[in-house]
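**Student:** The residues making up each chain are set out below.
4 protein chains.
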Amino acid sequence: MTEGRIRLGMVGGGRDAFIGGVHRIAARLDDHYELVAGAFSSTEEKSLASAADLGIDPKRAYGDFRQMAIREARLKDGIEAVAIVTPNHMHAPVAKEFLRRGIHVICDKPLTATLADAKSLVRAVERSDALFVLTHNYTGYPMVRQAREMIANGDLGDIRVVQVEYAQDWLSTPLETTGQKQAEWRTDPERTGAGGAIGDIGTHAYNLACFVSGLALESLCADLDSFVEGRKVDDNAHVMLRFDGGAKGMLWCSQVAPGNENALTLRIYGAKGGLEWTQEDPNRLWYTPLGEPKRLITRNGAGAGDAAARLSRVPPGHPEGYLEGFANIYSEAAAAIRARRDGGTPDGDVVYPDIHDGLAGVAFVDACVKSSRRKGGWVNV
Amino acid sequence: MTEGRIRLGMVGGGRDAFIGGVHRIAARLDDHYELVAGAFSSTEEKSLASAADLGIDPKRAYGDFRQMAIREARLKDGIEAVAIVTPNHMHAPVAKEFLRRGIHVICDKPLTATLADAKSLVRAVERSDALFVLTHNYTGYPMVRQAREMIANGDLGDIRVVQVEYAQDWLSTPLETTGQKQAEWRTDPERTGAGGAIGDIGTHAYNLACFVSGLALESLCADLDSFVEGRKVDDNAHVMLRFDGGAKGMLWCSQVAPGNENALTLRIYGAKGGLEWTQEDPNRLWYTPLGEPKRLITRNGAGAGDAAARLSRVPPGHPEGYLEGFANIYSEAAAAIRARRDGGTPDGDVVYPDIHDGLAGVAFVDACVKSSRRKGGWVNV
Amino acid sequence: MTEGRIRLGMVGGGRDAFIGGVHRIAARLDDHYELVAGAFSSTEEKSLASAADLGIDPKRAYGDFRQMAIREARLKDGIEAVAIVTPNHMHAPVAKEFLRRGIHVICDKPLTATLADAKSLVRAVERSDALFVLTHNYTGYPMVRQAREMIANGDLGDIRVVQVEYAQDWLSTPLETTGQKQAEWRTDPERTGAGGAIGDIGTHAYNLACFVSGLALESLCADLDSFVEGRKVDDNAHVMLRFDGGAKGMLWCSQVAPGNENALTLRIYGAKGGLEWTQEDPNRLWYTPLGEPKRLITRNGAGAGDAAARLSRVPPGHPEGYLEGFANIYSEAAAAIRARRDGGTPDGDVVYPDIHDGLAGVAFVDACVKSSRRKGGWVNV
Amino acid sequence: MTEGRIRLGMVGGGRDAFIGGVHRIAARLDDHYELVAGAFSSTEEKSLASAADLGIDPKRAYGDFRQMAIREARLKDGIEAVAIVTPNHMHAPVAKEFLRRGIHVICDKPLTATLADAKSLVRAVERSDALFVLTHNYTGYPMVRQAREMIANGDLGDIRVVQVEYAQDWLSTPLETTGQKQAEWRTDPERTGAGGAIGDIGTHAYNLACFVSGLALESLCADLDSFVEGRKVDDNAHVMLRFDGGAKGMLWCSQVAPGNENALTLRIYGAKGGLEWTQEDPNRLWYTPLGEPKRLITRNGAGAGDAAARLSRVPPGHPEGYLEGFANIYSEAAAAIRARRDGGTPDGDVVYPDIHDGLAGVAFVDACVKSSRRKGGWVNV
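Protein chains in written order, with my numbering: chain A, 1 to 381; chain B, 1 to 381; chain C, 1 to 381; chain D, 1 to 381.
No wet-lab data here; the hints were simulated from the structure. Heads up, some of the hints might be wrong.
[As the list claims (entries may be wrong)] Ranges between beta-carbon positions, derived for each pair:
1. 216/D x 52/A: 41 to 47 Å
2. 157/D x 190/A: 52 to 58 Å
3. 153/A x 341/C: 54 to 60 Å
4. 157/D x 292/C: 42 to 48 Å
5. 218/D x 34/A: 50 to 56 Å
6. 58/A x 347/D: 27 to 33 Å
[To be verified] For lysine-lysine, the following DSS-like pairs were computed, each having C-alpha atoms within a straight-line distance of at most 30 Å:
7. 272/C x 181/D
8. 375/C x 272/D
9. 375/B x 119/B
10. 375/B x 370/A
11. 370/B x 181/B
12. 76/C x 46/C
13. 370/B x 370/A
14. 232/D x 272/C
15. 375/C x 375/D
16. 59/B x 76/B
17. 370/C x 370/D
18. 181/A x 272/B
19. 181/B x 272/A
20. 119/B x 232/B
21. 272/A x 232/B
22. 272/B x 232/A
23. 370/C x 181/C
24. 59/C x 46/C
25. 375/A x 272/B
26. 181/D x 119/D
27. 46/D x 76/D
Just so you know, these numbers come straight off a predicted model, no measurement behind them. Cβ coordinates follow ideal geometry from the N, Cα and C atoms, glycine included.
Just chain A, same shape as in the assembly:
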């Protein structure tokens, strides 16, 4: 499995960052990648320090992502893929530099801070031979795949209702005024985009709902708030959803809901049954065939199918978590990258969020902001 590890670079993810470390573990977990280069910071010194921490050749530690793209593209054993883990507004400019040089991109979400940037990046992907993978990591959880497979199989019948929510509490106070870096950029419209909570976690919820249900959004009606005084972006969002084909839904996301850590919960109801899953207990999926007792399907356990099994590592009852789910995105990407190496396409089972999911997410945020500013009218997406 490790033969021919994929040579990976990273942009962002220096010492102060959070998500960069997660990407590195995710890349390492299944031994598909080797991190060999990085522009971990925009100052060369800091980038070098991070490279040293990570055991990376100092010659391949860059202070500038463009320079990195140029040089790595020329190296015989230059990186084949780059992970982009910068704040949102820097996703598009970085991605484009690598895409144009044929280097695959694995990019954190949301795609971009603005819809214009998103559209522009779509074109860049279309022009490139390289792959573009968006780390909507929750789609990597085995039981999310299980749910998706069951719905695709028709186990729920026609979908009627989709309830999705993502609640946190870490921004219940004006944390961004205390110097906390994560809070700072995530509440700064310049870096995060016009959506706050709706962009940061609402897009995850939206992506997950569509990924599992297979539905496409038709229109939405949103009500966004900034409950913490002085906050420049929303920290709570209520959204009503109408899907193509008539299903309806609700999305709630909040960063001001005390007692919630990363409470991403998806519930889908159809004419023949219902499914319920929550990210904080990710190895379990509740399935109710209409008129029968509720069943607990566990990862790799009785009742779980192939879609879950192929992304599982250990037996049922030994929980896999967030990092494993994240790693699954990297492993799916690896399968696609390897197939591309061989001039082919990956196995049909390989699935990952791509540029189109990314555009849909940014369009979703844009529509939420619009609807809310209009005081709640329905907006087509």
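Assemble chains B, C and D onto chain A, guided by the hints.
**Tutor:** This is chains B, C and D only, laid out in the frame that chain A set:
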């Protein structure tokens, strides 16, 4: 406690009915009432049969509620209170007959099938000396009282977000076409009103959210659906809520969500903490003071206060349920009725849903229907 | 249903008592009984005061249980049944007075404080025409009946393992030295018997395990402790169980386990499946057919059978609790008493714990105490 | 962090194996190790195939562990540590070869198949300069560390009761007769030892109970069974425990409990509070200070202390699981190995199960088997 049991009559609640039996147990549980008369059905024969089942003097079994009101009002030991457990459209006409004769009314929810009826009934209550109690029974759960007390005490700080939902699955198929009586009248606009699920269970959710949070609704934006073909009323409703003072909320109710029995769940988040409660596990209340571990407060257990204790019967860990919560409404009503007997007012702790809550509920349904027909605009309530 | 309510008396259950109030609600809930007499206390004045609280004719308030038995037996409309809710050492002497006069006995558990008393009471029951019902109330929970039915039907195959436990924390401190009445008598060997926790709650756990599994105990090995200094009876008990036919089990009961209120949990595993139930969440039963997903069977819900349905009052999702379970014992007793009135026997579905269960419980406590004193050897029961 | 990755070898863990793959991920997760050699199988061809799978230099793929030890010890860049993931009976002979050559050993549990082997291995460790780490991986869970820290801090007061259990269902049928490799060796006394379930998972439960409580076992009384016909070792074990200082406990382990996957649950009760943790939901720890509401402490969340934080990677609400807990053992070992490289000792916070824990585990199994054969007498450990 039993001395001077309150003489109770009932309208509705014959052999086919469901909620009548619940009211009878609720009335009996704490020994405050004695059921002595009833118009259990609109046909005298059936009413007599029910009376016989219930050990009630056949002379006080009526086939007509007006006749019952007239005669009982004249009897020396006539009923002091009447429980109305008919379909919604019959609440107002029945209640008025008893109110005008000074007989207290304990009425099932929602108040009426139409807003006009509701307003007319408000006037009837205002003109009467008798009490009017609406059995929004979920407000009788001790931990609901606990939550209300904590919010009133400021434990959550300013309320920001209210998430409430009531999901069922029993109408996932066109049950009303099979002869099932409960389904028939609850999906018949003539008897149930313009709201289906939103009237039947949405009003419970709405009432509970206001009762606990202490907030008043300012406006709403709703999306109602009838997913089951041929159904004449909504069976799923999504509603966004704006409360006076700036709090926001979401309400979801559904009767087509497989795997849900009576999943009424309330979550309230404020600047200083959060509370979460669910009806199917009613003896527990989750409380998170911001920045501290989540705490499990149990009925009569450590951390529970007076408001819960006064409506509890048994020690913590011995669950009380739906019937006990319902009985608490009857016991609160009994306290009020007894105080009235003595020419006084009940203890300040005595709380029950009244005619104003009833009117608010019907106005809520009316606004939801309006908003939904307008395709989602915000409607003031 | 209420026609011909059974005339009930009570011994014990005065103002300071706890369980008397529970019995009264249980008797009243389904309207099968009318409480008409009582020796609520051993001092006449207190008994009268309780009678006044309860709306009982003062002529039928007694200060002496023997006098009550004599007089009630002579009255034309004297009591047909008596509820005995005294401390354990007073069960036998009181029961015998009523049994010998043909008055049915509904007696709190454990049967007696000593094995000698238990055996003597068995003889008294055998000599009497009256019924003897022991309120091992947990056997009245619908999902306990469901579990029992499933095992009797062979759904679990041959039973291999029975894990039962009953944990509380209310005696974690020397509460009996503070004047708390419940703690006083329950830790006084004179009144409670040689077993403390093992008698008070261990017998419930033991009874429940046998009731559900259908197994009979062959031998046991116990380790009893008094963790609170100065306590005269055990407050924690560990017991290993061997059943006839080869099944094995463990029983743990404790009154010094902080965080446990009434955590009575039963888990039974057989060759074909497993069942799990816990008293604090009584409306749910977990069933795993070997090799299939775990299923959640709910009271009155999908998958629940007749045994649960006949003891349920309200639809699934509306929880019934401790009082309803307790009332089911009273209702089963009522069915038996009414059948006896008519000179017949009750319907075959009617089941309640009887004198033999009571004797088994006391023998169990006796064997636990013996085994523990011997330092853990196996003792036949 | 990755500079100077530790060069790791592996014995066992070829294509058919389960636990070898887990060790490899655990070693890789935090980037402390590089797997560079292995005797993955006792046939050279299979070992080579596994090496190829793993991207390991074929020159360092061995068919014989002794040959591997000899050669690696001589190589300039030979392995510094070896992971032993063979069946139990092969732990001691393999470990000794590496220990005598100064190569650190990271060994799967239980230590050995026999007590004699365990004692002999203790002597080998004592004679060696190398470290010996036993992968009782559950001790690596952050919330297990949290519990241990709280007890060490006295938050529970004197410990009174320890309830531990580990239930599975995968051996409910005679799986070992079907050719399933894992079942074959784990039920073969030659390879697994005299204890079946008690050795395989009972030792985990025992180790965890001691690790968290800080208690040492004084004596035990056990009842072991083989419920599946023809099975040569126990598949269910009931054990009563007496700890030094007077605490008491129960241990249940089973591989025939349908509905249980890896249900390892630990509950500890002291004079001042209680703690409850379960492996299938490992990010949560329930803590009840006596007389206060139960609190939910989450990994990295409010209320969690340093011991948990130092072994956490991601924020609260993003679950870490089995592999992360396992990796924590490897990371603790890495800290110790690195300190040894520098001629020092690791930070005082570094904790891992060692040879003494291993011996204690084997002695525990031995005592259980003895007690059970004697029909339940207490056996000193």
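**Student:** Does residue 181/D lie within 30 Å of residue 272/C when you go C-alpha to C-alpha?
**Tutor:** 23 Å, holds
**Student:** Is the straight-line distance between the alpha-carbon of residue 370/B and that of residue 181/B 30 Å or less?
**Tutor:** 28 Å, holds
**Student:** The hint says 41 to 47 Å between residue 216/D and residue 52/A; measuring C-beta to C-beta, is that right?
**Tutor:** Check passed, 45 Å falls within 41 to 47 Å.
**Student:** With the threshold set at 30 Å, check whether the alpha-carbon distance from residue 370/C to residue 370/D stays at or below it.
**Tutor:** 23 Å, holds
**Student:** Residue 272/B and residue 232/A: Cα distance at most 30 Å?
**Tutor:** 21 Å, holds
**Student:** So if I understand the rule, the pair passes when the alpha-carbon distance is 30 Å or less; does residue 119/B with residue 232/B pass?
**Tutor:** Satisfied, since the Cα-Cα distance of roughly 25 Å is no more than 30 Å.
**Student:** Is residue 375/B within 30 Å of residue 370/A, Cα to Cα?
**Tutor:** With a Cα-Cα distance of about 17 Å, the restraint between residue 375/B and residue 370/A holds, given a limit of 30 Å.
**Student:** Check the hint pairing residue 370/B with residue 370/A against an upper bound of 30 Å on the C-alpha distance.
**Tutor:** With a Cα-Cα distance of about 23 Å, the restraint between residue 370/B and residue 370/A holds, given a limit of 30 Å.
**Student:** Per the hint of 27 to 33 Å, is the separation of the Cβ atoms of residue 58/A and residue 347/D within bounds?
**Tutor:** 28 Å, holds
**Student:** Does the structure keep residue 232/D and residue 272/C at a Cα separation of 30 Å or less?
**Tutor:** 21 Å, holds
**Student:** Taking 30 Å as the top limit, are the C-alpha atoms of residue 370/C and residue 181/C close enough?
**Tutor:** OK: residue 370/C and residue 181/C at ~28 Å, within 30 Å.
**Student:** Does 52 to 58 Å hold as the CB distance between residue 157/D and residue 190/A, or does it fail?
**Tutor:** Distance hint for residue 157/D, residue 190/A holds at roughly 54 Å.
Checked against the numbered hints above, the structure violates none of them.
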